[in-house]
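What follows is the residue order along each chain.
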Amino acid sequence: MDDPIVGIDLGTTYTAAAIVQDGQPRLLTRDGERLLPSVVGLSPQGKWLVGTPARNQFVFAPENTVRSIKRMMGSAERITLGRYTFTPPQISAFILHEVKSIAEANLRCSVRRAVITVPAYFSDAQRQATRDAGEIAGLEVVRIINEPTAAALAYGLNRAEDQLVLVYDLGGGTFDCSLVELVAGVIEVRASHGDTWLGGDDFDLRLAEHIARIFADRYGVDLRRDHHAMARLIHAAERAKIELSERPFAWIREEFLVESGGKPLHLEYEVSRREFEALIRDLLQRTLDSVDQVLRDASLSPRDLDRILLVGGSTRIPLVWQMLTEHTGIEPQMAIHPEEAVALGAAVQAAIIAGQPIDTVLVDVTPFSLGIEIATQMGDAVVPDIYRPIIRRNTVIPCTHEEVFRTVYPGQDTVEISVYQGEHPVASHNRLLGRFRIEGLQPEAPGEPARVTVRFDMEINGQLRVQATDRKSGQRKAITVMATKERLSAEEISRATVQMAGLLAAQEARSESSVFEMGEVEVMLDRARRLLQNGRLDIERVDQIQAKINEIEQARHEGDQEMLAKSVDELVDLLFEIEA
Amino acid sequence: MSHKRLIWEEISELAARLTRDGTVGTSEITQIVEHLSRLARVQFKANALQEAVLEQQQEAITLLRGAVTRQEETIATLQRHHHKDIELARHDLILAILPVVDGLEATLNSAKRQLDRLAEGSEARQMLSAWVEGLWLVYQRLMDVLAQADVVPIPAVGQPFDPHLHIAVGVDSSGRFPEGVIVAEERRGYRMRNNILRYADVIVSRAAPSSSQLLPAKPGARSQGMAAATDRALGQ
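Chains A and B, in that order, are what the protein sequence lines are.
Residue numbering for the first sequence follows the numbering used here, beginning at 88 and increasing consecutively.
Residue numbering for the second sequence follows the numbering used here, beginning at 20 and increasing consecutively.
Please keep in mind that the hints were generated in silico from the structure rather than gathered at the bench.
There's no promise every hint is true.
[Said to hold, decoys possible] Below, computed lysine to any residue pairings styled on SDA-like, alpha-carbon distance capped at 25 Å:
no.	chain 1	residue 1	chain 2	residue 2
1	A	K559	A	E357
2	A	K559	A	R475
3	B	K131	A	G349
4	B	K64	A	E609
5	A	K653	B	W27
6	B	K103	B	I215
7	B	K131	B	E152
8	B	K64	A	E664
9	A	K134	B	L216
10	B	K64	A	I632
11	B	K131	B	M162
12	A	K564	A	E531
13	A	K559	A	W338
14	A	K350	B	R132
15	A	K564	A	D472
16	A	K350	B	S148
17	A	K134	B	I173
18	A	K653	B	A65
19	B	K103	A	G119
20	A	K134	B	G177
21	B	K131	A	A318
22	A	K559	A	G534
23	B	K131	A	E346
24	B	K131	B	G177
25	B	K103	A	L114
26	B	K103	A	H424
27	A	K350	A	M317
28	B	K103	A	D109
29	B	K131	B	V119
30	A	K559	A	S359
[Unchecked claim] Derived CB-CB ranges, DEER-like:
no.	chain 1	residue 1	chain 2	residue 2	range
31	B	L58	A	G272	53 to 63 Å
32	B	Q98	A	D625	55 to 65 Å
33	B	L33	A	M650	25 to 35 Å
34	B	L55	A	I626	28 to 38 Å
35	B	I94	A	D211	45 to 55 Å
[Claimed, not checked] Where chain A lies over chain B, by a calculated footprint (3+ residues, C-beta under 8 Å):
no.	region
36	54-64
37	117-130
38	178-191
This one's a predicted model, so the numbers in the text were calculated from it and none came from an experiment.
We put the beta carbon where it would ideally sit given N, CA and C, even for glycine.
Kindly generate the complete structure, drawing on both the sequences and the hints.
Dropping the structure here:
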């Protein structure tokens with residue numbers, strides 16, 4: 088590549104870089120690491136450290152380690168590391184220099200130019216400081232763009248119709264939401280609001296403290312007083328949080344966590360998604376307040392929004408999706424890895440500046456929702472044939488989702504699982520992919536209905552494995568079926584609606600019939616239409632042809648075979664006269 | 020076909036009459052013209068259909084050709100990724116096994132402390148000791164499997180702190196150890212060939228606490244005890 092421009096998401100906790108190659112934006116990685124911790128340090132041996140090693144030494148040498156420098160950009164603060172003193176841009180330059188070398192190792196050429204993203208609320212001074220950081224690192228900063236703008240670019244919205252987009256960015260430590268307006272391919276941030284101290288770390292801590300309280304109730308030992316045990320618990324909470332994004336339950340198991348009176352104590356606790364959601368609901372409510380604030384600032388209501396894009400790893404939590412949908416009436420979109428969207432968008436901006444061709448980011452998705460038939464209780468009646476999606480349409484594959492269901496009646500020991508693809512609320516109106524029975528179910532408590540975990544694993548090749556597990560006995564049954572899959576650009580996905588699913592279904596139906604079965608009527612109609620499109624006919628001819636086309640279509644619509652044959656003959660005469 | 024032949028026969032006959040005896044009138048000529056143009060139209064329609072079929076076949080061929088090319092590309096990519104995928108799968112599996120190793124180590128450490136509490140030579144102590152020995156063999160067996168996969172622990176206690184291998188999770192400012200030396204291991208680190216699988220969580224010795232940001236130092240007896248035990252197992 089000749090003099091490439093890299094896109095850089097210079098974040099508070101992590102930094103990521105991307106480039107457009109062969110029309111495709113992709114992240115630049117090192118040893119499989121996609122994100123570089125935004126930490127700079129001076130090692131005890133006097134060596135400069137950037138990224139993970141710098142983060143590793145923070146506890147040992149906090150005076151020689153700098154974290155979250157982004158919060159200080161544009162300020163007059165000075166940072167001392169050993170016998171050196173630095174400005175915030177100089178510290179950021181260490182990170183950018185590391186990114187530059189990662190990019191050079193990836194691209195095998197020197198990298199001298201970059202597009203860098205900043206939060207929409209950054210002041211001119213903060214933007215200038217970011218620009219300075221780039222220059223110090225030996226990078227010509229060809230443009231500074233807003234993070235929500237970059238997210239919109241990653242979704243290809245610069246090529247979409249005019250619209251209003253809400254970018255909801257919930258990361259590890261900060262939350263931002265921005266209102267982005269697209270007019271004639273130009274993207275502009277109209278309003279922005281946020282919470283600089285809210286993110287995934289808070290969720291981990293809430294869950295860890297919740298479990299510490301349960302542990303204290305059970306054993307009378309307060310884990311919060313034991314730094315080592317608490318550190319293990321926070322790690323375990325983070326893992327459980329990630330698991331709960333895919334499953335309704337997660338086990339937290341920490342053996343020999345502490346000792347009490349010489350007796351080892353173990354932690355074994357199954358946390359439910361609902362429990363976790365109750366713990367973080369108020370924090371997410373705060374993000375919705377920010378959303379409202381942004382809309383108020385722009386004198387708009389949720390109804391004016393055309394779409395919502397999710398950015399930042401914490402948006403993988405299903406409750407985020409659910410609360411946003413309930414609050415705004417719009418299904419948010421996450422076709423691109425939310426941690427990577429900003430860097431990929433910066434790369435798209437870089438490619439636009441370089442005049443490089445760009446395809447949009449291609450992702451494999453399920454064009455239809457995938458789910459099962461369930462029954463629901465309405466008063467005393469049980470209503471069957473209700474469709475419950477497990478994997479929502481436009482979910483990036485491969486993916487795994489799991490839900491728990493109970494039998495309708497206590498003592499019921501068999502259920503039939505019918506797997507459907509589609510969007511219709513009535514299960515049988517969707518396309519049946521397969522069905523199977525699981526028998527010998529046992530209730531978890533006597534007299535209660537049995538509970539069954541249904542797990543959907545969708546592979547990249549469109550294979551869907553559906554597995555049902557009896558929660559009590561652990562016995563399981565599974566089938567594998569083929570579901571429709573599509574490779575779409577993120578832009579197409581974000582445009583996708585129920586109609587798209589309908590279109591795809593129509594397309595599928597058409598492709599099932601052979602191309603050679605196109606009848607005489609179709610051939611002649613097609614020829615006539617092409618003649619019309621050529622535009623070299625005089626107006627009289629155009630009218631004649633159009634009239635015949637209409638006649639044929641009407642005859643076909645009414646099923647009048649005689650009329651159809653006559654009209655087609657006349658069309659042939661007409662075409663013959665014109666073409667001969 | 021037969022319909023076309025009939026028309027042809029009629030035209031041929033008319034033409035023959037025309038050349039033979041010139042008994043053809045205007046009406047017959049008009050008829051010939053009409054027949055001819057009808058034939059031409061039939062031919063036109065047939066041509067149109069044929070063209071459409073050809074076009075569709077061409078499209079189908081292009082589609083199929085594209086499909087074949089994509090398949091070939093896919094196969095080439097799959098072959099390229101094959102080894103990488105195996106490596107990645109192994110890497111993920113080993114990462115998932117490491118917490119099990121941690122658990123076994125914690126169990127052995129705890130058992131060692133329990134043993135120390137029991138009276139020397141007591142039956143209970145002998146029982147537990149034999150039981151721990153058995154578990155120790157299980158642990159060794161697992162470590163051998165990991166070593167076969169080139170997975171080795173990262174040396175920690177007694178080593179100088181190296182941020183490329185260790186994560187400092189606490190400091191010890193008791194002054195009993197030289198500055199910058201690892202005094203305890205909270206969680207063992209592992210490497211596979213040149214890659215770090217998991218950094219070692221360690222407590223590092225420091226001259227004096229320099230800031231309130233430091234976490235409380237905890238040179239756990241647990242970690243030190245384990246280090247001695249596992250070092251034996253790993254022949255370090």
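Cross-check of the supplied hints:
In summary, the hint linking K559/A to E357/A is supported, as the alpha carbons are separated by about 14 Å, within the 25 Å threshold. A distance of roughly 23 Å separates the Cα atoms of K559/A and R475/A; the hinted pair therefore holds under the 25 Å criterion. Of the supplied pair hints, the one linking K131/B and G349/A holds, its CA atoms being roughly 12 Å apart against a limit of 25 Å. At roughly 12 Å between alpha-carbon atoms, K64/B and E609/A fall within 25 Å of each other, so this suggested pair holds.
Between K653/A and W27/B the alpha-carbon distance is near 24 Å, which keeps this suggested pair within the 25 Å criterion. The straight-line distance between the Cα atoms of K103/B and I215/B is roughly 17 Å, inside the 25 Å bound, and the hint therefore holds. Annotation: proposed proximity of K131/B to E152/B holds, straight-line Cα distance about 10 Å (limit 25 Å). For the hint pairing K64/B with E664/A, the CA-to-CA distance comes to about 12 Å; that is within 25 Å, so the pair holds.
As the CA atoms of K134/A and L216/B are separated by approximately 23 Å, the hinted pair is consistent with the 25 Å bound. Note on K64/B and I632/A: the hinted pairing holds, with a Cα-Cα distance of about 16 Å set against a maximum of 25 Å. Between K131/B and M162/B the alpha-carbon distance is near 19 Å, which keeps this suggested pair within the 25 Å criterion. Distance check on the hinted pair: K564/A and E531/A sit about 18 Å apart at the alpha-carbon level, within 25 Å; holds.
Of the pairs offered as hints, the one joining K559/A and W338/A holds, with about 15 Å between alpha carbons and a cut-off of 25 Å not exceeded. Proximity of K350/A to R132/B is assessed by CA-CA distance (about 10 Å); at most 25 Å being required, the pair is judged to hold. For the suggested pair K564/A and D472/A, the alpha carbons sit about 21 Å apart, so the restraint of at most 25 Å is met. Using a Cα cut-off of 25 Å, the hinted pair K350/A and S148/B holds, with the two alpha carbons roughly 17 Å apart.
For the given pair, K134/A sits about 21 Å from I173/B by alpha-carbon distance, which is consistent with the 25 Å threshold. Using a Cα cut-off of 25 Å, the hinted pair K653/A and A65/B holds, with the two alpha carbons roughly 17 Å apart. In summary, the hint linking K103/B to G119/A is supported, as the alpha carbons are separated by about 11 Å, within the 25 Å threshold. A distance of roughly 21 Å separates the Cα atoms of K134/A and G177/B; the hinted pair therefore holds under the 25 Å criterion.
Simply put, K131/B and A318/A have alpha-carbon atoms about 24 Å apart, close enough for the 25 Å limit, and the pair holds. For the given pair, K559/A sits about 13 Å from G534/A by alpha-carbon distance, which is consistent with the 25 Å threshold. As the CA atoms of K131/B and E346/A are separated by approximately 13 Å, the hinted pair is consistent with the 25 Å bound. Proximity of K131/B to G177/B is assessed by CA-CA distance (about 22 Å); at most 25 Å being required, the pair is judged to hold.
Annotation: proposed proximity of K103/B to L114/A holds, straight-line Cα distance about 18 Å (limit 25 Å). For the suggested pair K103/B and H424/A, the alpha carbons sit about 22 Å apart, so the restraint of at most 25 Å is met. Straight-line distance between C-alpha atoms of K350/A and M317/A comes to about 18 Å, which keeps the hinted pair within the 25 Å bound. A threshold of 25 Å between alpha carbons decides the hint, and for K103/B with D109/A the separation of about 22 Å falls inside it, so the pair holds.
Taken as a hint, the K131/B and V119/B pair is honoured in the structure, with Cα atoms around 18 Å apart against an allowance of 25 Å. Distance check on the hinted pair: K559/A and S359/A sit about 16 Å apart at the alpha-carbon level, within 25 Å; holds. A beta carbon spacing of about 56 Å between L58/B and G272/A agrees with the range 53 to 63 Å that was offered as a hint. One distance hint, 55 to 65 Å for the beta-carbon pair Q98/B and D625/A, holds here, with the actual separation near 60 Å.
Remark: the range hint 25 to 35 Å for L33/B to M650/A is upheld by a beta-carbon distance near 34 Å. Distance hint check: the CB atoms of L55/B and I626/A are about 30 Å apart, consistent with the given range 28 to 38 Å. Remark: the range hint 45 to 55 Å for I94/B to D211/A is upheld by a beta-carbon distance near 54 Å. Counting residues of the region 54-64 of chain B whose beta carbon lies closer than 8 Å to any beta carbon of chain A gives 4, which reaches the threshold of three, so the coverage claim holds.
A count of 5 residues in the region 117-130 of chain B with a Cβ less than 8 Å from any Cβ of chain A is obtained; the coverage claim is therefore met, three being the minimum. Interface restraint, the region 178-191 of chain B with chain A: holds (10 residues with C-beta to C-beta distance below 8 Å; minimum three).
Of the numbered hints listed earlier, not one is contradicted by the structure.
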